[in-house]
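A.B. asks: Chain by chain, the residues run as shown.
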Amino acid sequence: MEQNELFKQLTKKSVASKKDIFGKYLSLSALILIGITVVAILFFVISRGLTTFTLDKINPFRFLFGTDWQPNNVDKNNNPLVGALPMIFGSFVITLLSALVAAPFAIGTAIFMTEVSNQRGAKIMQSVIELLVGIPSVVYGFIGLTVIVPFVRNTFGGSGFGILSGIIVLFVMILPTITSMSIDALNNVPKIYRESAYSIGATPWQTIYKVVLRSAIPGILTAIVFGLSRAFGEALAVQMVVGNSPVIPQNALSPAATLTSVLTQGIGNTTEGSLQNDVLWSLAMILLLMSLVFNLIIRKIGKKGEMKNNV
Amino acid sequence: MKKTLIKIVSFIVIAIFLFYGSTHREITSNLNNGKINENENNILIVGSTALQPLAERAADYFQNENPKIIINVQGGGSGAGLTQVQAGSVQIGNSDVFAEQKDGIDAKKLVDHKVAVVGFTPVVNNKIKIANLSMQQLHDIFTGKITNWKELGGNDQPIVVINRASGSGSRTVFESIVLQKGENVLKSQEQDSNGTVRRIVASTPGSISYLGFGEVYGKGIKSLTIDHTKPIASNVENNNWKIWAYEHMYTKGKAKGNVKKFIDFFLSKNVQKTILSKMGYIPLKDMEVEKNAEGIVQ
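Read top to bottom, the protein sequences are chains A and B. The numbering used here runs 6 ahead of the 1-based position in the first sequence. The numbering used here runs 1 ahead of the 1-based position in the second sequence.
Careful: at least some of the hints might be erroneous.
Said to hold, decoys possible - If we take Cβ atoms under 10 angstroms as the criterion, some of the chain A residues that face chain B in the derived model are:
id, residue
1, L16
2, N65
3, P77
4, P156
5, G166
6, P252
7, S280
Unchecked claim - Here are the simulated DSS-like pairs of lysine-lysine, each with C-alpha atoms no more than 25 angstroms apart in a straight line:
id, chain 1, residue 1, chain 2, residue 2
8, A, K19, A, K30
9, B, K220, B, K279
10, B, K146, B, K243
11, B, K8, A, K310
12, B, K274, B, K231
13, B, K292, B, K243
14, B, K257, B, K223
15, B, K128, A, K82
16, A, K309, B, K8
17, B, K4, A, K309
18, A, K306, B, K262
19, B, K182, B, K292
20, A, K197, A, K30
21, B, K188, A, K82
22, B, K286, B, K243
23, B, K223, B, K262
24, B, K182, B, K223
25, B, K274, A, K82
26, B, K255, B, K110
27, B, K110, A, K310
28, B, K231, B, K262
29, B, K279, B, K243
30, B, K110, B, K257
31, B, K243, B, K188
32, B, K292, B, K110
33, B, K223, A, K306
To be verified - Listed next, with one range per pair, are the computed distances between beta-carbon atoms:
id, chain 1, residue 1, chain 2, residue 2, range
34, A, T161, B, S177, 38 to 48 angstroms
35, A, I27, B, T5, 56 to 66 angstroms
36, B, N73, A, D190, 38 to 48 angstroms
37, B, T148, A, N84, 42 to 52 angstroms
38, B, E27, A, L48, 16 to 26 angstroms
39, A, T161, B, M136, 29 to 39 angstroms
40, B, G254, A, K30, 49 to 59 angstroms
Hints listed in this document are in silico derivations from the structure and should not be mistaken for laboratory results. Glycine residues also receive a C-beta, built at the ideal position from the N, C-alpha and C atoms.
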């Protein structure tokens, strides 16, 4: 009898273990909810984006490589003019160039803050960068519209709206992102690397250039790709200064359009279920897929970096 | 081996799902299944940003007289207005264009309430010395045949064309009158709101665009006459000024209850005579001509 009672007591779930199970299921359900959301968004955007090719019977190659974007018009053979290449090209050119310009500045700032300056200088810079990260993109757009566009117009001619203005605005926008991630990357370089370099007689510059930077390369690349993906998805600020002309730009001053700018401008003017609306979803699908690609690149870089550190 | 098999199978499953999703619109959209109660005290109006300020003002007056009814006016564009009223998710969809002019809209299911007339005028940066253009010249500018103000007797300065976003109400109206059907337009800069257009034309030398009559104000911008006709209400009323359009309020089926009450209020003498002209629109009653969805004037 007594034994039985004891057995029951011991096998009964205590309050603590009940809480334990409750917590487990709570976090699991949160995970499932997020998982469902992600899958739903992917399914929604991609199946909407594919409608252009399945229901509207647009040739995907004509869509990706066509250069004529007039969704309301048709060509001589009655094919809708939905060539998305100008926007894809515009997005890539503006994004890549702005990241290319921003990277040296960001890495330089990061080196200054982690390796060169004293604590106080680094702290001041840190708060400046955090401030820059917090500025909403519409503010950058406004500054671009009132400062950068007239500046470009007066110095280089043209209307001022165009690729160059877009690059400048995006450059300022992604600079803090790349900088703060580069700082993390440099801080993650083990102290022992620096000490070893100094102990064999390397100068500070040699230490930075040959040891610290080299071993932080994966982290810095990750930072740049993060900047790229932020620039790629930015809509408002770019739309305000880029001119939104869906043509392949002739030079740095000519107006261009990006995937995002065409999307934000067009979505309210189209009706659901129409071709004009479907092609916008296709553009959204390209944006989504590109951000997946950026994520893949970041993971690949991360894996490579890990291996290097082990060797 | 097993792993690759799993990969292939899951790839095929995903592909099938996506193909099914992309060929069945109803899965990812809410077309035609909303139910709206017209007698409800909350009226939701969505659509044209050109009609929005006017609708908001009228809604204010209406709510003063009928404190129980709450009217919510939102922008979003003519396309959004038509889509949502057809889907039954709002009671009134505002549009700058006839429903017949938009793909994907079944115009037969919607009832058109023309509520105002709006005239559009070409506007230029006011440093440009030209004050008049012929319709042909305007056409040539927007198709890219004329690219310098010099060709029109102005200074030697390139013309910067600023269009509204493709598919927007203003642009549809402007192009339907200035250009021939199916004609290729000049690919130019596009901006998505009246405010931005006004600001950009005012600050960009050599720029030309078009705005509703009520939108032409502020420094640095001026409207042009076309064939020496002035862009004023009286010229629109007798169709001497060709670039004009109706503002529409669409309802799904006949307007009933509070929705009908509001539209009737909008068409009442009070609103039409006072608010409309103050905000640069033209009252329907003053029009001597009528235009149908094909753009034919009678």
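A.B. asks: Hint by hint, say whether it matches the structure.
C.D. replies: These are the hints, each one checked on the structure:
1. Checking L16/A against chain B by beta carbon gives a least distance of about 43 angstroms; that is not within 10 angstroms, so the hint is violated.
2. Hint on N65/A is violated. Least Cβ distance to chain B is approximately 15 angstroms, over the 10 angstroms limit.
3. Annotation: P77/A was flagged as interfacial toward chain B, and the flag holds, the nearest CB pair being 7 angstroms apart, inside 10 angstroms.
4. The beta carbon of P156/A comes within 7 angstroms of a beta carbon in chain B, closer than 10 angstroms, and the hint placing it at the interface holds.
5. With 10 angstroms as the threshold, the beta carbon of G166/A comes within range of chain B, its nearest partner Cβ sitting at about 7 angstroms, so the hint holds.
6. A distance limit of 10 angstroms between C-beta atoms decides the matter here; for P252/A the minimum to chain B is near 6 angstroms, and the interface restraint holds.
7. With a least beta-carbon distance of about 3 angstroms to chain B, the hint placing S280/A at the interface is held under the 10 angstroms criterion.
8. Straight-line distance between C-alpha atoms of K19/A and K30/A comes to about 15 angstroms, which keeps the hinted pair within the 25 angstroms bound.
9. A threshold of 25 angstroms between alpha carbons decides the hint, and for K220/B with K279/B the separation of about 20 angstroms falls inside it, so the pair holds.
10. A C-alpha spacing of about 22 angstroms is found between K146/B and K243/B, which places the hinted pair at or below 25 angstroms, so the restraint holds.
11. Using a Cα cut-off of 25 angstroms, the hinted pair K8/B and K310/A holds, with the two alpha carbons roughly 24 angstroms apart.
12. Simply put, K274/B and K231/B have alpha-carbon atoms about 22 angstroms apart, close enough for the 25 angstroms limit, and the pair holds.
13. Between the alpha carbons of K292/B and K243/B the distance comes to roughly 11 angstroms, so the proposed pair stays at or under 25 angstroms and holds.
14. Between K257/B and K223/B, the direct Cα distance comes to roughly 43 angstroms. Violation of the 25 angstroms bound is thereby established for this hinted pair.
15. Restraint check for K128/B and K82/A: the C-alpha separation of about 40 angstroms exceeds 25 angstroms, so the hint is violated.
16. The suggested pairing of K309/A with K8/B holds, with an alpha-carbon distance near 22 angstroms, which does not exceed 25 angstroms.
17. About 21 angstroms separates the Cα atoms of K4/B and K309/A, which keeps this hinted pair within 25 angstroms; it holds.
18. For a cut-off of 25 angstroms, the pair hint linking K306/A to K262/B is broken: about 63 angstroms separates their Cα positions.
19. Straight-line distance between C-alpha atoms of K182/B and K292/B comes to about 17 angstroms, which keeps the hinted pair within the 25 angstroms bound.
20. Between K197/A and K30/A the alpha-carbon distance is near 38 angstroms, which puts this suggested pair outside the 25 angstroms criterion.
21. A C-alpha spacing of about 18 angstroms is found between K188/B and K82/A, which places the hinted pair at or below 25 angstroms, so the restraint holds.
22. For a cut-off of 25 angstroms, the pair hint linking K286/B to K243/B stands: about 18 angstroms separates their Cα positions.
23. A distance of roughly 39 angstroms separates the Cα atoms of K223/B and K262/B; the hinted pair therefore is violated under the 25 angstroms criterion.
24. Straight-line distance between C-alpha atoms of K182/B and K223/B comes to about 28 angstroms, which puts the hinted pair past the 25 angstroms bound.
25. In summary, the hint linking K274/B to K82/A is not supported, as the alpha carbons are separated by about 47 angstroms, beyond the 25 angstroms threshold.
26. About 9 angstroms separates the Cα atoms of K255/B and K110/B, which keeps this hinted pair within 25 angstroms; it holds.
27. For the proposed pair K110/B and K310/A, the alpha carbon gap of about 60 angstroms is over 25 angstroms, so the pair is violated.
28. Distance restraint check for K231/B and K262/B: the Cα-Cα separation of roughly 36 angstroms exceeds the 25 angstroms cut-off, and the hinted pair is therefore not satisfied.
29. Our distance criterion of 25 angstroms between C-alpha atoms is met by K279/B and K243/B, whose separation comes to about 21 angstroms.
30. With a C-alpha separation of about 15 angstroms, the suggested pairing of K110/B with K257/B holds against the 25 angstroms cut-off.
31. Of the supplied pair hints, the one linking K243/B and K188/B holds, its CA atoms being roughly 24 angstroms apart against a limit of 25 angstroms.
32. Our distance criterion of 25 angstroms between C-alpha atoms is met by K292/B and K110/B, whose separation comes to about 21 angstroms.
33. Distance hint between K223/B and K306/A is unfulfilled; the C-alpha atoms sit about 56 angstroms from each other, more than 25 angstroms.
34. Between T161/A and S177/B the C-beta distance comes to about 39 angstroms, which sits within the given range of 38 to 48 angstroms.
35. Judged by the Cβ atoms, the range 56 to 66 angstroms given for I27/A and T5/B is violated: they are separated by roughly 38 angstroms.
36. The given range of 38 to 48 angstroms is respected by N73/B and D190/A, whose C-beta atoms sit roughly 46 angstroms from each other.
37. Here the CB-CB span from T148/B to N84/A is close to 30 angstroms, at odds with the stated 42 to 52 angstroms.
38. About 19 angstroms separates the C-beta atoms of E27/B and L48/A, a value consistent with the hinted range of 16 to 26 angstroms.
39. Distance hint check for T161/A and M136/B: the Cβ-Cβ separation is about 37 angstroms, which falls inside the suggested range of 29 to 39 angstroms.
40. Take G254/B and K30/A: their Cβ atoms lie about 53 angstroms apart, and the range 49 to 59 angstroms holds.
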